[in-house]
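**Q** Once you've looked at the hints, dock chains B, C and D against the given chain A.
Protein chains in written order, with my numbering: chain A, 14 to 388; chain B, 14 to 388; chain C, 198 to 595; chain D, 198 to 595.
A hint or two may mislead.
The calculated DSS-like cross-link candidates involving lysine-lysine, where the alpha carbons are at most 25 Å apart (straight line), are [what the hints assert, rightly or not]: (1) 271(A) to 590(D); (2) 307(D) to 429(D); (3) 468(C) to 275(A); (4) 307(D) to 278(B); (5) 278(A) to 378(C).
Hints in this document: simulated from the structure, not taken from any laboratory.
This is what each chain is made of:
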Amino acid sequence: MDLSLNDEQQLLADSVARFFAKTYTVERRRALVASELGYARENWKQFAELGWLGIGIPEDLGGIGGGPVETMIVMEGIGRHLVAEPYLASAVIGGALLSRGGNGAADLLVDLAAGNLTLALAHGEPKSRFDLAHVETRAAREGNGFKLTGHKAVVQHAPSADRLIVSARTSGNVATADGITLFLLPAKTPGMTLAPYRTVDGLRAADVKLDGVVVGADQVLGPVDGGHALVESAVEKAIVALSAEAVGAMEALLALTKEYLKTRKQFGVPIGSFQVLQHRLVDMFMALELARSTAETASRALSDPDPRYRARAAAAAKVQAGRAGRLVAQEAVQLHGGMGMTDELAVGHYFKRLMAIDVCFGNADWHQRRFADLA
Amino acid sequence: MDLSLNDEQQLLADSVARFFAKTYTVERRRALVASELGYARENWKQFAELGWLGIGIPEDLGGIGGGPVETMIVMEGIGRHLVAEPYLASAVIGGALLSRGGNGAADLLVDLAAGNLTLALAHGEPKSRFDLAHVETRAAREGNGFKLTGHKAVVQHAPSADRLIVSARTSGNVATADGITLFLLPAKTPGMTLAPYRTVDGLRAADVKLDGVVVGADQVLGPVDGGHALVESAVEKAIVALSAEAVGAMEALLALTKEYLKTRKQFGVPIGSFQVLQHRLVDMFMALELARSTAETASRALSDPDPRYRARAAAAAKVQAGRAGRLVAQEAVQLHGGMGMTDELAVGHYFKRLMAIDVCFGNADWHQRRFADLA
Amino acid sequence: MRMKLDAAHSRFRDEVRQFLDTGVPLDLRDKCEAGKRPSKDDHVRWQRVLYEKGWMAPGWPVEHGGTGWTPLQRVIFDTELGATPAPPVIAFGVTMVAPVIIAFGSDAQKKKYLPRILKSEDWWCQGYSESEAGSDLASLKTRAMADGDHYIVNGSKTWTTYAQYADMMFFLVRTGGDGKKQDGISFLLMDMHQPGVTVHPIITMDGGDEINSVFFDNVRVPKANLIGEEGKGWTYAKYLLAHERTNIARVGLSTRLLAKLKRIAAEEQMKGRPLLDDPAFRARIAAVEIDLLALESAVVRAVSGDKTGKPPGPESSMLKIKGSLIQQDLTELLTEAVGAYALPYQPEWFEPGWNGEPVGPDYALGLASTYINWRKVSIYGGSNEIQRNIIAKQILGF
Amino acid sequence: MRMKLDAAHSRFRDEVRQFLDTGVPLDLRDKCEAGKRPSKDDHVRWQRVLYEKGWMAPGWPVEHGGTGWTPLQRVIFDTELGATPAPPVIAFGVTMVAPVIIAFGSDAQKKKYLPRILKSEDWWCQGYSESEAGSDLASLKTRAMADGDHYIVNGSKTWTTYAQYADMMFFLVRTGGDGKKQDGISFLLMDMHQPGVTVHPIITMDGGDEINSVFFDNVRVPKANLIGEEGKGWTYAKYLLAHERTNIARVGLSTRLLAKLKRIAAEEQMKGRPLLDDPAFRARIAAVEIDLLALESAVVRAVSGDKTGKPPGPESSMLKIKGSLIQQDLTELLTEAVGAYALPYQPEWFEPGWNGEPVGPDYALGLASTYINWRKVSIYGGSNEIQRNIIAKQILGF
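Next up, chain A with everything else stripped away, as it sits in the complex (with noise of 0.2 Å):
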């Protein structure tokens, strides 16, 4: 059992880190995110070329075939580089939900792969709170098709998507996993409106208002009043992608943190000379790297025929990449002084995009009680 990379994936990080190293300074990455679509369409088709958008979709559909840990390997350059593309929201999760979307998703899957197609999953409400079976949307039965209203909160990258994945009611209460459809609409479909806004850690995302949208049957996903199996695996692997996402970009703030100590002068001498900052950066290096076996456990976990194992493996990785990411995030800003609270280093930037992750799909203490709960 080596948990070291293969020679494939060892391959696929090295391109990973030539990529991003050659495209993502903290300066492009500012410009990138100021503009309008707020990322790159080039590095989209690089990404695509790359195969990296081909990651866990079978060769014949124009995927990769690749797994889990290779996904972990783009999630952590992703990370490093605060980079701002939709691969989370449409690699990870548009790739997963189409997967298992049935035939005519399928076909879309070769357009995700060559990057002629972006998705955005709408799914969480005002008041679902994480809880994925809470869902208020609703759609009634309107002809062969199907009418939805309702309300989709921050939903991530939705701005720049060429279709949403919406989901919706067609049956049961509130909040139980059953009754729930998913939906592929098309960015401009009539009756939906999206308020769109950047993020703090500079994405974009947007409130998504449907009222009275008339969707034909051809656009369910999925099994009719079996969506929330779909988005719970869906998401799984998200919160997996996120805690590798949020390794990479507590490696980046290490190392800043690490040369600031190093370079940054007082009272005539290196501040890193200073036993206690010594120390709090060992408690950031020690809160990184179980957060990154956590991460890996949980990646390796995913291929797992145990939901359970799945489910609690997921939930741990989240959990430590949320509040190792805290962590590391709180104490680089310290240790940086003022200089820390600034827009014009990274550190703030790498600071909020980590705050954003605890937040992505439920922070730790939500999935610290599903981790206690799943037992």
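**A** Same frame as chain A, now just chains B, C and D:
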């Protein structure tokens, strides 16, 4: 509003400091707790002569009529010197219960203040877990009196007490506040058996079994079915007193640890020259000072007419004492290294007493929850 | 929960509360309740209300416009003021430079500056930090060369809060060279509206622009603007730092944040019940509330016996550390309380006059910005690491 | 939850578990389940069972009695062994001195000592620490003077676990004087049963007597008992320390403590419901369980790719720190779980042969002693502060 001590209180504090400095060294304490009784009767007589046993008892009943601040002063001294005499059990808790126990009980206050009576409260039970309303022990009507059957757990200072104050259920369900009655039982009551033992802190306790103990109506303390309010009020005083004791113990530990850091040399320098250890001591200092402030606020709050304010302040003090006590004790041992682990040094004895203080009448988690629920 | 006071101070607190409840102009109160940023004019308007009431400068000697309150009364006032949704009183004039002017300034300086500070006619800023010096304040490099009855100042300052609004700056500057680095530092006052003074905003990671770098290019400062003696600036700076720490615990602000947290947690739902009823979240709120009670007790304890108003000692470092940690806990819990709505970032919403539609519940707006911005409180005014050094040295004797 | 392994290692783990489930003599298993202290004989009995199975010294080269397992297999074995209620294998012989003898000892030493260690015929103890030296191990003062083909040893050692049982001690001693303090230290083996060796128990704060001071008064040690070269003892000691850290994380023990904690929390009642259902306590258990999964992942990750069995690097300091913190969290939670029954102290109960009636539930006995005793794990073998220094220096490059 002057929170410093008034002249009488300062005199009391001086006499406490003087008396314990004279009577309590680590070695003397070691011998005391190893003795048959577990403490010194001479000391107890002195407590009486110094008026400490009469704090909180009206002057016409042999007391000195002091209040919670005076209790706090004595308890801090007790904590500072790891005093083994049953001051909390007899003077604080026993005194509080007798004061509200009606006419017959009031006479006993004279004995208590004079040092001729020691008491122990037998209330907690194997399954009660700090819940003061949880009483399974039954008091069945029997003629004019009652017949008591049940099991009281970890009754502190019971082995040396002249009388036990035993709670039992005269009506209501296992966990209702109503229906609890207090009884005053001489130590040698037929049908009552004590299984005495030491507790981790070197003090004494016993589990008390009541096997059809027949008591007269004149042994009822306070109103029938109304014992819960008495116990609640006495325990409120007890947890504030324990918080003050914790402050004294932490003070002693801080002083010992500071001294150790300044004198113990390693790598050619006093270990206190390492900034990391200095900052750890600073955190101990802060925990102590914040616990001290809370204990003082809670002591003064005991005189407040608002029961919710009293209860919340007391709970807050116990939470601070429990958490700060663990932190300070654990860090004191850690900073003493191997020496801190030995029975020879006083450090470990303070460690154990602070642990016991956290457990007594509900630990930090318990009172934090109460604090929240009392909002 | 708040600590209870004795009858006399309770009455005083009630009096203060009563005024603050009704004294804040309604539009300002609404703005601050909503977490919006007050404008310069808002600050000044509110400070003039306090001035009219005679409460602008409680800590000053009565002859200059102070209230004659005891230290505990001042703590009570500061706490209630902090708990009030109103623009914060800008400290640079009234509680920072003024005590220095009162203690060490000339009569002319007192006469000139104190009334204007009292009436908020000058907005002051502070020129202490320099980018190279950091926590090692005394290694500052900005220099003032004598030139007749003026100094010519060259160099720069940084982390200067509200320099963009400021009419005046007090600053530390090197007027002598040799000896210990603390020697040769002087304390000067500068008119910000003059050639050679350039203010550059520093954008902070929350997107704010309230701090600045200030550059001096041959700026002429009259020698009449020297406080006390040349070369004694370090002494005055230390005096100021001691005074600055009076309200360092910020119990009032934390009280307000705590109340907001409970309000939001009662509103937010978790699995169909109020988040406030979730035992885990409830425990975290209780933990910080208990810490806050401890802090308030420590603050009151520190001043209750003091009738002299002596500047607080090194124990104020503890209040600063604990106060900052509590504020940071609260701002963090607030973002956690609102779930995914912690993420939208709509800075425009905080600007005066913006009328767009906010995303999510009103109360969620700006919570993330505050959380991010509030990381500063354990850094500025002497970082928590520096405060721990002070305690280790001055209290524990290392 | 435990980390899953690949099919091959899963099978290996099952095999190990199967043996451990049935291999421990029942009386020993009961004793250890109950938290009672195993006697010297108990330890030896269990170690002989392992010897019979061929699993006494997995880490040794096969020719000396090792198993030939990969590092990961050894980690799996150590973890399962730690999770088993059985007397802990005493490390001083098999995992501490033996690797040094194998690496640096003479053929005669190997032939003499290794088989006896394998069969638990000698009980070893360690003579490293001295009371003055503390964490500064190299400043030791015990001295060995050459006298013909012997050394004459004078001085003392402290914190010597199980010296009272020991037949042999390996120890560090000063044979030379000048130069760096690490120079002039030699690594010797001593027969404990000889004149001049005195063992004094040190009572620990939990009431235990497993550690000792050992005094040497002109003790004669044959030069044949010198390991390697005179003056190179520090090198061998560092080699040993690196090896000692292999199982430093003690995932197995923590796994067992966690299972016990859940069992007890399911049994204990809080307001009429199992304590395990109390969300606050449940959250604390989950937090430590998640940390333990992280630690186990880190341990497996550290050795999974290693086929060479090289001694672990400085990253083992992290495993030591985190492992100790998890053990301490668990032992503390265990005492909290039993409420007031954490308080009774009945050390007699742990002694072989005592038949008195315990107070409170059986499972509560000894929890407090363990909590108290377990404060040692962040102190011994290089305190957590020393481990942080190692990480700062060797990994972070300060």
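**Q** State for each hint whether it applies.
**A** Hints versus structure:
Under the criterion of a C-alpha separation no larger than 25 Å, the hint pairing residue 271(A) with residue 590(D) is consistent with the structure, at around 12 Å. A hinted pair counts as satisfied when its Cα atoms are at most 25 Å apart, and residue 307(D) with residue 429(D) qualifies at roughly 18 Å. For the given pair, residue 468(C) sits about 48 Å from residue 275(A) by alpha-carbon distance, which is inconsistent with the 25 Å threshold. With a C-alpha separation of about 39 Å, the suggested pair residue 307(D) and residue 278(B) falls outside the 25 Å cut-off, and the hint is violated.
Under the criterion of a C-alpha separation no larger than 25 Å, the hint pairing residue 278(A) with residue 378(C) is consistent with the structure, at around 16 Å.
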